[in-house]
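Start from the sequences, fold in the hints, and give me the full structure.
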Amino acid sequence: MTRHPTAGLVDRSVPVGFRFDGQEYRGYRGDTLASALLANGVRQVGTSVRLGRPRGIYSAGSEEPTGVVQIEEPFPEPMLTATTVELHDGLVASGLSGRGRLATTPDPARYDAVYAHTDVLVVGGGPAGVAAAEAAARTGARVILADEHPVAAGPTGVRLLARTTVVGYYDDNYLVAVQRRTNHLGAAAPPHVARERLWRIRAGRVVLATGAHERPIAFAGNDRPGVMLAGAARTYLHRYGVLAGRRAVVFTTNDSAYAAARELAGAGVEIAEIVDTRQGQAVVGVEGDTGVSTVEVAPLAGGATRRYDADLLLVSGGWNPVLHLYSQAGGRLRFDEELGRFVPDGCRQAVSFVLDESLPGSTFFVVPAEDYRTHFVDLQRDVTVADVLDATGAGLRSVEHVKRYTTAGTAHDQGKTSGVLTSAAVRQALGGHALGLTTFRPPYTPVSFATLAGRDRGRCFDPVRVTAIHDWHVAHGALFENVGQWQRARYYPVAAEDMPAAVRRECRAAREGVALMDASTLGKIEVQGADAAAFLDRLYTNVLSSLRPGAIRYGVLCHADGMLFDDGTVARLAEDRFLLTTTTGNAAAVLEWLEEWLQTEWPHLRAYCTSVTEQWATVALVGPRSRDVLRSLAPDLAVDAAAFPFMTWRDSTVAGLAARVCRISFSGELAYEINVPWWYGTALWEAVYAAGQPFGITPYGTETMHVLRAEKGYPIVGQDTDGTVTPHDLGMAWVVSKKKPDFVGKRSFSRVDTSRPDRRHLVGLLPDDRTTLLPEGAHLIATRDVPPPPVPALGHVTSSYPSAALGRTFALALVKGGRDRIGQRLYAPLGDRVVPVTVAGPVLYDPEGARRDG
Amino acid sequence: MLLIRCPWCGPRDEAEYHYGGQAHVAYPEDPSALTDEEWARYLFVRANPEGPFTERWCHTAGCRRWFTVVRDTRTNEILAVSR
Amino acid sequence: MTEVLWRNPEPKRRYQTVIVGGGGHGLATAYYLARNHGITDVAVLERGWLGGGNMARNTTIIRSNYLWDASAGIYEHALKLWEGLEEDLGHEILFSQRGVLNLAHSPQDVRDGVRRVYANQLAGIDAQWLDPAQARQVCPILNVSPDVRYPVMGASYQPRAGIARHDHVAWGFARAADTLGVDLVQHCEVTGIDVHNGRVTGLRTTRGDIAAERVALCAAGHSSVLGAMVGLDLPIQSHPLQALVSELLEPVHPTVVMSNAVHVYVSQAHKGELVMGAGIDTYNSYSQRGAPHVIERQMSAALELFPVFARAHVLRTWGGIVDVTPDASPIVGLTPVENLFLNCGWGTGGFKATPGVGWCYAHTVARGEPHPLNAPFTLDRFVTGALVDEHGAAAVAH
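If you're matching them up, the sequences are chains A, B and C in order.
Counting along the first sequence from 1, when you hit position 607 you're at 607 in this note's numbering, and nothing is skipped either side.
Counting along the second sequence from 1, when you hit position 54 you're at 54 in this note's numbering, and nothing is skipped either side.
Counting along the third sequence from 1, when you hit position 3 you're at 3 in this note's numbering, and nothing is skipped either side.
No false leads were slipped in.
Residues from chain C that keep clear of chain B, each with C-beta distances beyond 12 Å, as calculated:
| id | residue |
| --- | --- |
| 1 | R13 |
| 2 | R35 |
| 3 | A56 |
| 4 | K80 |
| 5 | E83 |
| 6 | L94 |
| 7 | G124 |
| 8 | Q134 |
| 9 | V144 |
| 10 | P159 |
| 11 | V195 |
| 12 | N197 |
| 13 | P307 |
| 14 | E338 |
| 15 | E369 |
| 16 | H391 |
Where chain A lies over chain B, by a calculated footprint (3+ residues, C-beta under 8 Å):
| id | stretch |
| --- | --- |
| 17 | 1–9 |
| 18 | 15–26 |
| 19 | 32–43 |
| 20 | 57–64 |
| 21 | 68–82 |
Calculated directly from the structure, the hints in this document are not laboratory data.
Keep in mind it's a predicted model, so treat the numbers as computed, not measured.
Heads up, the beta-carbon is just placed ideally off N, CA and C, and yes, glycines get one too.
Structure below.
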């Protein structure tokens with residue numbers, strides 16, 4: 001044991017048992033895994049990734065390049081630095097050779113995130129940070145002080161975030177910090193407390209009191225366990241009461257290591273020699289298999305080598321201010337040759353950096369030698385000065401190139417101790433120019449994926465939207481599909497039905513009797529105002545201003561490039577009031593589209609848009625018997641064809657509920673859509689369902705809806721269109737006004753490519769074999785024999801179904817010049833077979849519309 | 001995470017807004033009078049400067065209103081906000 | 001003795017052809033100009049360090065399973081070149097054909113994916129459709145459980161797709177071009193383009209004026225800035241695109257997985273780090289920095305698909321500048337200025353196209369007319385409306 005009898009802040013009344021590499025050890029509460037390993041005399045923690053050389057503990061903080069461990073218990077976590085793992089009972093860890101292992105079981109921990117707004121954020125709870133926080137708090141400012149260590153208490157009036165590392169500094173003083181809340185508790189961690197919490201902090205001003213990292217020196221064998229940064233040895237003594245060795249050589253380029261030598265000597269460590277480059281001396285070699293046993297010292301100018309027995313070699317190459325966050329903020333860094341360190345050199349954000357003047361820099365980096373193959377600059381990635389020379393020898397001049405060529409600075413520590421040394425080695429190789437530095441990027445220390453993901457997983461990954469009638473669908477065995485964020489009933493299997501059987505049954509009900517569907521998810525937007533009609537005329541391709549109150553018209557919206565992007569019905573509720581429906585997935589996009597034009601192009605128009613999607617629950621009542629069902633539910637409503645014709649709407653009372661009934665059809669059958677306030681959705685649905693029982697009313701889902709509409713050739717935006725399709729391509733020239741001087745998209749129709757006669761048109765396809773179902777997405781070619789690739793395709797299948805009503809399978813497809821190919825035979829190569837099909841018009845069922853209009 | 005000052009609601013996180021690209025690209029007075037080249041320019045060509053850029057944002061998760069921001073695309077610094 | 005990758009010559013005052021931009025595309029173009037067309041009086045001007053832009057910042061995915069014939073043509077040409085590139089360049093590029101899965105999360109995703117597979121098969125591209133169980137056989141850590149917010153409903157699979165080591169690719173092309181006599185000039189920023197009588201004559205640079213008979217722009221996110229120097233307004237917007245890398249991990253992820261719907265693309269690189277890309281930040285920027293919520297969203301989506309990644313760590317995030325066109329397809333070809341050529345707008349597709357575009361662009365520059373494979377990617381398509389809309393097939397829905 002090398003525990004000092006009294007020194008340190010660890011709680012010696014609470015011993016802690018842990019296991020490392022299969023061995024049981026004991027430490028104290030307050031230890032890190034690194035301090036406990038050192039106290040137990042463990043020198044080698046792992047081996048290096050490329051060369052397999054032994055690696056020990058090199059530092060005492062998050063800059064640690066070598067002491068990388070795999071946590072095995074309480075839950076596997078790869079690649080943590082032993083210097084930042086707080087010791088707890090039951091901790092099981094093992095050393096690594098630079099590569100970690102992921103758990104194979106799900107992570108049971110919780111994670112969360114909070115937002116904080118503060119006037120001042122101080123990063124770093126050392127004396128400078130505490131002073132800055134205190135001073136700011138005295139002015140009445142809201143102050144957050146974040147420190148990565150387990151600090152017990154902060155200054156009065158300051159919100160202290162202990163065990164919290166600020167990892168990212170983004171635009172406009174937005175910072176992200178990770179708070180480790182239960183890691184130090186091990187198995188005793190309460191399961192309901194988030195293991196780690198992400199803090200999203202917007203700060204008026206940021207004070208970086210992040211201190212400095214000590215720099216190593218590049219010399220032969222500088223990677224041996226037992227070589228340690230001098231300041232780290234002080235930390236092990238003062239914070240943990242651990243002596244990092246018994247007999248030490250101190251190798252320094254600056255004054256700071258003398259304090260380490262003095263204090264360690266005072267604690268009983270024998271100081272064999274202090275080697276100071278400023279006195280022309282340097283360490284030129286280290287011996288020892290798994291750790292330092294002998295240190296070789298020689299004059300820099302050349303001369304005899306002296307050898308010292310030692311188990312510890314303390315190194316100080318000067319100090320680098322921890323400028324990572326400053327650089328992330330967009331701050332410039334400049335290497336001050338006089339000070340021998342980088343200094344902050346201006347940042348557009350409201351940030352200040354507290355430079356610790358007591359920690360000197362240095363411009364001594366590499367001990368000259370013949371052979372640089374064990375002069376390590378990056379201890380984790382096994383990069384030596386020789387590797388850097390290889391890179392510059394290959395013609396590389398930029399530090400970025402050298403870094404990528406050698407992989408220096410790319411390990412878990414992101415070059416905290418190696419960055420400046422690498423740059424210096426490059427400068428030494430190339431001579432002259434300024435010390436280059438790569439840009440610092442978030443995060444400052446590694447952050448687990450789960451912490452960043454927080455609670456936005458599973459059902460919380462994206463909001464789930466359900467209709468007012470959702471529970472009924474669930475209770476009646478519906479299977480659902482995601483349509484945007486909505487869950488829509490896809491079909492309602494009875495007994496052991498598969499989807500085709502259920503859809504066949506549902507279709508038959510809609511075509512022959514009566515069926516009902518929850519259509520509440522369709523987007524609904526009210527447009528009101530004196531200029532509402534004029535406004536809609538500018539956006540929809542057809543004329544809507546001529547619509548009479550009480551009437552409904554189908555309309556499509558195109559982007560300015562002429563490509564169709566949504567469709568729906570437009571009902572005129574009053575002279576100055578319209579109700580638009582949109583596709584389920586596009587409701588938000590359509591509202592934004594309307595508002596964008598209204599606000600940014602035509603602000604003079606008196607029109608106002610409101611989303612009412614979730615104000616209304618909508619039940620589609622479909623089929624030849626739908627009128628009978630409606631009549632029984634709405635005795636006050638004249639439902640005969642003359643009084644309530646197709647494409648009109650009526651306000652009425654349905655099942656005792658105030659309702660708006662629209663006579664529209666997406667199935668080609670006689671149909672109504674009954675709208676009631678959302679709250680009454682289930683009441684309406686159940687009433688319709690009950691009233692339909694005598695007619696065998698059947699609930700149907702989106703799959704049946706798709707079949708019904710496809711039999712009628714009605715396209716679904718996003719399925720039969722893909723953002724490259726115009727209304728003309730769909731055969732819907734009738735919905736494009738020729739009278740209006742302009743509407744959005746009109747000008748694009750006359751472009752060379754958009755007016756080609758051989759664009760892809762929506763057509764029907766009938767497989768020669770009436771039972772063959774074409775896969776949606778299948779491509780079409782002109783010949784039965786498939787020529788060698790590349791084969792130009794004539795089009796592709798957008799929708800394909802078996803149809804009970806047609807007694808066969810059929811498909812919709814976008815086909816080059818399709819309307820001129822009606823009656824032609826095309827072929828769909830499907831890998832192992834080729835399916836012949838005949839091109840047809842898109843409307844295959846009731847082309848006259850007699851059923852719908854009846 | 002930009003902090004954008006909505007002229008109506010005050011400063012809010014970027015995530016509350018929808019980006020609208022270059023500002024002040026007016027819909028042509030009479031599209032039918034334009035050549036295909038001129039129309040294509042309206043449809044597809046937008047300024048893309050490295051430096052101050054006058055752009056549109058919409059406070060989608062707030063007041064839903066569009067406004068104009070001048071932002072330096074080199075640093076993301078917001079130089080001006082106007083209605 | 002270390003092999004020299006390239007000389008670092010002083011720029012001459014005149015070249016037959018000058019390529020502006022020393023990224024993958026610029027270097028590949030220089031190489032193929034020399035190799036295929038014998039044109040070696042060529043300089044590549046790079047304002048920073050070679051391969052230091054998007055070439056150094058992408059997620060190294062290589063695939064050719066694009067939707068439209070035009071895209072499939074040039075990306076498949078690239079993939080065929082990738083397959084022989086190590087030998088051709090005589091330089092290790094760590095090209096690993098481990099396949100790519102493009103996941104579908106909704107019935108419409110499935111339709112779109114199947115459509116792309118059939119299109120690819122006609123184009124001669126090795127695409128196939130997998131159901132969730134088959135996808136899991138390709139990638140055993142993929143979560144295909146139906147109990148997630150957007151379950152995996154299937155995937156397209158291209159076995160010949162893969163990854164390569166981006167730096168090695170840049171250096172391989174640089175070394176090969178240098179060997180053939182091309183001057184690679186770093187830290188040389190173009191400040192002006194000289195045009196006389198509608199014809200390009202040379203460049204102003206921070207290292208002096210350089211005369212050139214032909215100038216080939218290859219500047220990705222900075223193309224608009226260069227275009228503006230000759231009054232060429234491009235349908236290009238420059239956006240940040242972020243990516244990240246984890247620590248080295250023992251092998252868990254044998255392929256490449258992309259999910260358009262939830263914005264994840266991930267592979268495990270040769271040494272063991274997970275390399276992941278995020279969605280595009282919404283606003284124009286040249287800052288090479290993005291916002292953290294984009295990364296957080298990306299991690300949520302990644303853990304939906306790969307629960308085992310929970311305690312992997314993000315070591316480093318960074319941003320590139322992607323040059324996005326209205327149809328998510330590139331612009332490669334002639335410009336209204338004689339002898340000034342344009343290659344830009346590759347968005348998220350630039351890396352995988354590197355050898356293919358280098359080959360075709362070199363042809364375009366050498367012959368003064370487009371190679372058949374880049375002929376569809378003219379500037380003119382925005383006038384006629386003959387767009388090549390690849391929003392569905394580009395990695396990120398932008």
